[in-house]
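Starting from the given sequences, assemble the full structure and let the hints guide the process.
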Amino acid sequence: MPDNFDSRAEQAKAVLASVDPRPGVPKPDPILVADHVRRSFGGLTAVNVEHVEIQRGAITALIGPNGAGKTTFFNLITGFDDANEGKWTFNGRQVAGTAPYRLARIGMVRTFQLTKALSRMTVIDNMRLGAKNQTGERIFAAIFPFLWKSQEKQIDQRAIGLLERFNLHQKVADFAGSLSGGQRKLLEMARALMSDPELVMLDEPMAGVNPALKQSLLGHIKAIREEGTTVLFVEHDMDMVHDISDWVIVMAQGQVIAEGPPDTVMKNQAVIDAYLGAHHDSNLTESGEALTEDGAR
Amino acid sequence: MDWGFILTQTTTQAIGITAIIYILAAIGLNVQFGYAGLLNFGQVMFVAAGSYAVGVIVLTFDLSLWLSILVAIIVATALALLLGIPTLRLRADYLAIVTIAASELFRLSVRSIAFKDTLGGAQGLNGKLGQQFHDTNPLPADFQSLPVLSWTRQDLWVVIVGWLLIAAFTVLVWLLVRSPWGRVIKGIREDEDAVVSLGKNVFVYKMQALILGGIIAAFGGIVWAVAKQSVQPDTFQPDFTFFAYTILLLGGAARVFGPIVGGIIFWFLLAGTGEFLGQAIQAGWIDFLQATDVGNIRFMLMGAGLIALMVFRPQGIFGDRKELALDAR
Ligand SMILES: Nc1ncnc2c1ncn2[C@@H]1O[C@H](COP(=O)(O)OP(=O)(O)O)[C@@H](O)[C@H]1O
Ligand SMILES: [Mg+2]
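Going line by line, the protein sequences match chains X and G. Be aware that the first sequence starts at 1, since it is given in our numbering, and climbs by one per residue. Be aware that the second sequence starts at 298, since it is given in our numbering, and climbs by one per residue.
The set of hints was computed from the structure by calculation and includes no laboratory data. Cβ coordinates follow ideal geometry from the N, Cα and C atoms, glycine included. Honestly, I wouldn't trust all of these hints.
What the hints assert, rightly or not - Partial selection, computed: residues in chain G whose CB lies under 8 Å from chain X:
| no. | residue |
| --- | --- |
| 1 | Leu472 |
| 2 | Leu473 |
| 3 | Ser476 |
| 4 | Pro477 |
| 5 | Trp478 |
| 6 | Arg480 |
| 7 | Val481 |
| 8 | Glu487 |
| 9 | Asp488 |
| 10 | Asp490 |
| 11 | Ala491 |
| 12 | Val493 |
| 13 | Leu495 |
| 14 | Gly496 |
| 15 | Gln505 |
Next comes the structure, spelled out in structure tokens:
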């Protein structure tokens, strides 16, 4: 981090301030660059992204009405679904067609819209699974605990540290299935961080999380950025988007229709139209920008 | 009614050679299904592969029995690869369909006329298959029988080594499932995508579980061939696999001792009802059944018992009901 900034947040904001707010705009230091990514389901084109870049070290929000293709875009980029066409690079490396587990290993880790906490495993075992390069995960080494016990201790320390940060340290020995929906979201995020990813992609991290937890989750996401990790997240809650994102990308009907800093994007007419066209009770109205004609939500 | 006889006969079968074979197959299933969640419905094929490895190496090629153990491991590995490569990337049900079909295909192929010279056709391979093993028998030559359990000198030696094998594989499974490797396969059982998203090559882990479970089952086949000194293609029917599953569920899937407990109980009940009904018919207590019905009746009773188990103790005898009740989402 250059000395003239107090935090990564300020740095990210300052760097992105000079970027022109238009769809597909190049960024000064992109970690992810996608070109012509298209995915169709039968006749429906779920994703058709011409060009998009994600700035390194920043928190980027991916927003858009339901069915805009955000989750599908996540699935394509992380290798969980196959694009009909398209190329994308991660850290300058071509990664289209790469197996999803390899992408996770090179630092692109995601969470899922429908939380995938492993219910019948304990919280700590969930966390341990997130750690990379484990000797004991090889079948022959697994038989000899002395080969992996010390590594396991280090992993546990790291896991406990993260669980403390996410307020889950009292749940260490509980089954993940006994956690609340919001706690599972937290666990999934903490687990993703076990591998020290460069880019975390969170699909609706706030869905189902109660307001009190939301505040601390916001704090966690900001903290992740301060550690130098890039965050790309999908979210519906506009207050949250406004609060934590350095940059916002708006998708509608599979395409990127707008980009820019949160304030700019939420005043954008195309964005307001996309939301209102899709669902009238969008909480975009909460930012005061988009009221329907009769003034009601 | 000779209750003592019923009890000794039943106990002899509950921990006897057949039980050992099924328990080994069930330990293999425990790795595959219990821990990794792989629905292998063709376990009998791996057992058959073990038996045929012994038959072919010892009888057809007149080579060492010890070599056949190596061959059994290689063949089981090859079969697991053959089944796993096309199916393990697909949804779970594909493996189930492919394995049950493959196990029948295997049985029908090995009994076919085309391979009669090597595999013995429908008669299978019969002869001194296990001689090399029986020659190692340390029991005194004038050994008659144990006080209660009625094994011959030869069978007792098989039983001893069989239980040592069970112990060895149980320890192996125990070591594996409490290791990070075991953590990964348990994660795969719950949600494959979650494990992929954490950077694990799920395909490789599933393959390893399939191979390991297949090899353990093949050892069951080796025991079978050595004990019976014969390999019969039509003993490797799909119902073998389903009994092995029954044993696993009875004892509790994903419990290290599940297959052992389940296997002993299964054979105790099956043999016990058989012996009891047989004697009861002989003694005239039951007059609406023939002695020839006993074989079928005991399976009907077993079925009824299983239904009761699933209703009242779905987690098996060792399972943890609380864990089962946890929301799988
Ligand atoms: N597996 C699928 N099969 C068919 N249609 C799908 C599939 N996945 C997503 N879609 C469709 O693609 C569109 C985009 O969905 P999605 O990416 O989930 O949107 P978002 O996450 O933005 O709400 C939707 O119209 C959805 O119905
Ligand atoms: Mg979505």
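Hints breached by this structure: none
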